[in-house]
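J.: Single-letter residue listing:
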Amino acid sequence: MGARTPHHWFDFLANPERFMAFSRWAAPVLGGLAVVLGVAGLVLTFAVPEDYQQGDTVRMMFIHVPAAVMSMFVYLCLGIASFLALVFRHALADAAAQACAPLGAAFTVLALATGSLWGRPMWGTWWQWDARMTSVLVLLLFYLGYLALRSALDDETKAARAAAILALVGLINLPIVKFSVEWWNTLHQGSSTLFAAPENRLPAVYLWPWALMSLAYLAAFGALWLVRIRALVWRRKARALALRQAEG
Amino acid sequence: MHLDFDAGKYAVYVWPAFALTAVAFAWMIADSLAGARRWRREAERLAAQADKPGAEA
Numbered sequence: 001m002g003a004r005t006p007h008h009w010f011d012f013l014a015n016p017e018r019f020m021a022f023s024r025w026a027a028p029v030l031g032g033l034a035v036v037l038g039v040a041g042l043v044l045t046f047a048v049p050e051d052y053q054q055g056d057t058v059r060m061m062f063i064h065v066p067a068a069v070m071s072m073f074v075y076l077c078l079g080i081a082s083f084l085a086l087v088f089r090h091a092l093a094d095a096a097a098q099a100c101a102p103l104g105a106a107f108t109v110l111a112l113a114t115g116s117l118w119g120r121p122m123w124g125t126w127w128q129w130d131a132r133m134t135s136v137l138v139l140l141l142f143y144l145g146y147l148a149l150r151s152a153l154d155d156e157t158k159a160a161r162a163a164a165i166l167a168l169v170g171l172i173n174l175p176i177v178k179f180s181v182e183w184w185n186t187l188h189q190g191s192s193t194l195f196a197a198p199e200n201r202l203p204a205v206y207l208w209p210w211a212l213m214s215l216a217y218l219a220a221f222g223a224l225w226l227v228r229i230r231a232l233v234w235r236r237k238a239r240a241l242a243l244r245q246a247e248g
Numbered sequence: 001m002h003l004d005f006d007a008g009k010y011a012v013y014v015w016p017a018f019a020l021t022a023v024a025f026a027w028m029i030a031d032s033l034a035g036a037r038r039w040r041r042e043a044e045r046l047a048a049q050a051d052k053p054g055a056e057a
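First to last, the sequence lines map onto chains A and B. Note that the working numbering has the first sequence beginning at 1, numbered continuously upward. Note that the working numbering has the second sequence beginning at 1, numbered continuously upward.
Among the clues, some could well be false.
Per label pair, the in silico range of CB-to-CB distance [as the list claims (entries may be wrong)]:
| no. | chain 1 | residue 1 | chain 2 | residue 2 | range |
| --- | --- | --- | --- | --- | --- |
| 1 | A | Arg18 | B | Ala19 | 34 to 42 Å |
| 2 | A | Glu182 | B | Ala11 | 30 to 38 Å |
| 3 | B | Arg41 | A | Ala197 | 50 to 58 Å |
| 4 | A | Gly248 | B | Pro16 | 16 to 24 Å |
| 5 | A | Asn15 | B | Ala50 | 31 to 39 Å |
| 6 | B | Asp6 | A | Met20 | 45 to 53 Å |
| 7 | A | Lys158 | B | Phe5 | 46 to 54 Å |
| 8 | A | Ala197 | B | Arg45 | 53 to 61 Å |
Read the hints as simulated data drawn from the structure, not as lab findings. What you are looking at is a predicted structure, and each value in this text was computed from that prediction instead of being measured. Glycine residues also receive a C-beta, built at the ideal position from the N, C-alpha and C atoms.
Make a model of the complete structure from these sequences and hints.
T.: If you want it as structure tokens, here you go:
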């Protein structure tokens, strides 16, 4: 009896050829979807009436909240991919982790910057060391630490392993970011989107542009993540070929 | 549908937020596509070199 190869639902990740065939059409489809959703979301962003309290600054919600949600979602992807790379040694899981870190860092910078620009007119301050803002800053530091570790070590295997462990440690911060507004008194408001209590939920007129822009951000991330993983697959192939030629 | 681009006294906060978002997305798109193009070309160049007769002699 031969040894049985374990099969998992994520096994397609382990096969670069199957992934390249899938991502070849999936990346442009997701990119096109992001453009359509983004244009529709932007039109609604500037079509909704200004808020009776926040005035025109309410339009910043439709770019700030999706960026903040994506900063956490991308980190969750980074954590899952790092776990799969560490435990199952899947060939593409490490590439998936490496590929999403710069995108997650960009979304986090965007969330912090647009939040600061929204906070100044509404709260009277650019920055406050409260639980939500500080925990998002810590999230950014985890992203930057991950990227720094990956580029600091010459041995790529060691760098990937160390960075994956850091990514897993950073997962602890995600519930802190999410529930910081409930656990502590902060300047930041609680959730007011789909899963909020009905009395706290946004009016439908604001929910639509928020939902469209959130889906646009998600589709854009999906497209760019696939493109970046493809780049890493080609890079590995190029390095393997260069090594073979050098040995030959 | 009427589009309201007049942010009034808040324009100084609203427009930089949208401009920053545009810059961030432009960077993410440009960096991702440039990286993919660069490594695909490099892999194809090395593969073509390896396929040449006598390349591994």
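J.: All hints are to be evaluated individually against the structure, with a verdict given for each.
T.: Comparing the hints with the structure gives:
1. A/Arg18 - B/Ala19: 34 to 42 Å: Once the Cβ atoms are compared, 40 Å apart, the range 34 to 42 Å for B/Ala19 and A/Arg18 holds.
2. A/Glu182 - B/Ala11: 30 to 38 Å: Given range 30 to 38 Å: holds, Cβ gap about 34 Å.
3. B/Arg41 - A/Ala197: 50 to 58 Å: 53 Å, holds
4. A/Gly248 - B/Pro16: 16 to 24 Å: 55 Å, violated
5. A/Asn15 - B/Ala50: 31 to 39 Å: With a Cβ separation near 22 Å, A/Asn15 and B/Ala50 fall outside 31 to 39 Å, so the hint is violated.
6. B/Asp6 - A/Met20: 45 to 53 Å: 48 Å, holds
7. A/Lys158 - B/Phe5: 46 to 54 Å: This hint holds: roughly 52 Å between Cβ atoms.
8. A/Ala197 - B/Arg45: 53 to 61 Å: 58 Å, holds
Hint violations for this structure: numbers 4 and 5, all remaining hints satisfied.
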